[in-house]
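Asker: Sequence:
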Amino acid sequence: MSSLAAETLLTPEEYLALERKATLKSEYISGEILAMSGASLAHTRITADIVTELNIQLRGRECEIISNDMRVRTSPKGAYFYPDIIVFCGEPEFEDNVFDTLLNPTLVVEVLSPSTEAYDKGEKFRHYQELTSLREYILVSQDRIRVEHYRLAKTQWVQTELHALEDVLPLTSIECELPLQDIYRRVPEIINLRAGAPML
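The sequence shown begins at 1209 in my numbering and counts up one residue at a time.
Warning: the hint list may mix true and false statements.
Okay, derived cross-link-like pairs now, DMTMM-like style, lysine to aspartate or glutamate, Cα gap no bigger than 20 Å in a straight line [as the list claims (entries may be wrong)]:
id : residue 1 : residue 2
1  : K1285     : E1270
2  : K1285     : D1308
3  : K1233     : D1308
4  : K1229     : E1325
5  : K1233     : E1303
6  : K1329     : E1240
7  : K1285     : E1331
8  : K1229     : D1308
9  : K1285     : E1222
10 : K1285     : D1351
11 : K1329     : E1356
12 : K1362     : E1325
13 : K1285     : E1240
14 : K1285     : E1221
15 : K1362     : D1390
16 : K1233     : E1325
17 : K1233     : D1277
18 : K1285     : E1303
19 : K1285     : E1338
20 : K1233     : E1222
21 : K1285     : D1304
22 : K1329     : E1369
23 : K1285     : E1299
24 : K1229     : E1338
25 : K1229     : D1277
26 : K1233     : E1221
27 : K1233     : D1304
28 : K1329     : D1351
Quick caveat, the hints were computed from the structure, so don't treat them as lab data.
With these hints in hand, go ahead and build the complete structure from the sequences.
Answerer: Dropping the structure here:
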């Protein structure tokens, strides 16, 4: 997660030099530094359970899952983000020989928070679409049963939404499936909510 809090415009090179020395993570977009905020317990549990489930399904295959700490660059002059979850297939491609900035994610998952939801759906997604490798973008709400699935079909992004624990999210780019029951199994506050209803 990140909060939009920037004062100084930097070049991508300046950002990367600072970020590699920093003790706290920040994202970067159009010259601005975006300070990362902490994650809630629900956010952490959802992320961990998605990683666990996909890691089991991807074991022994050419795709690999990474969470939280791997930086992604969308374009040379664009943006740098820390997705909640990344899956890449084949050999990873990196910006340089430090090997900490991935260039070829196949699938990205972001767990939404109230402060970043509009940003993750809007400007951040527009930057992610600059990645020629990206095939699927998943947005998971942490305060209601809702998963938004964006899939690249030829040149168009097709959106579907899932709102029931009985639903299963198909991840065609990596040949996996994610039951919503598994995504939300450790978030008891929303397990019994009706579909799409936010926590009060």
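Asker: State the violated hints by number, sorted upward, taking the hints as numbered earlier in the document.
Answerer: 1, 4, 10, 12, 15, 23 and 24
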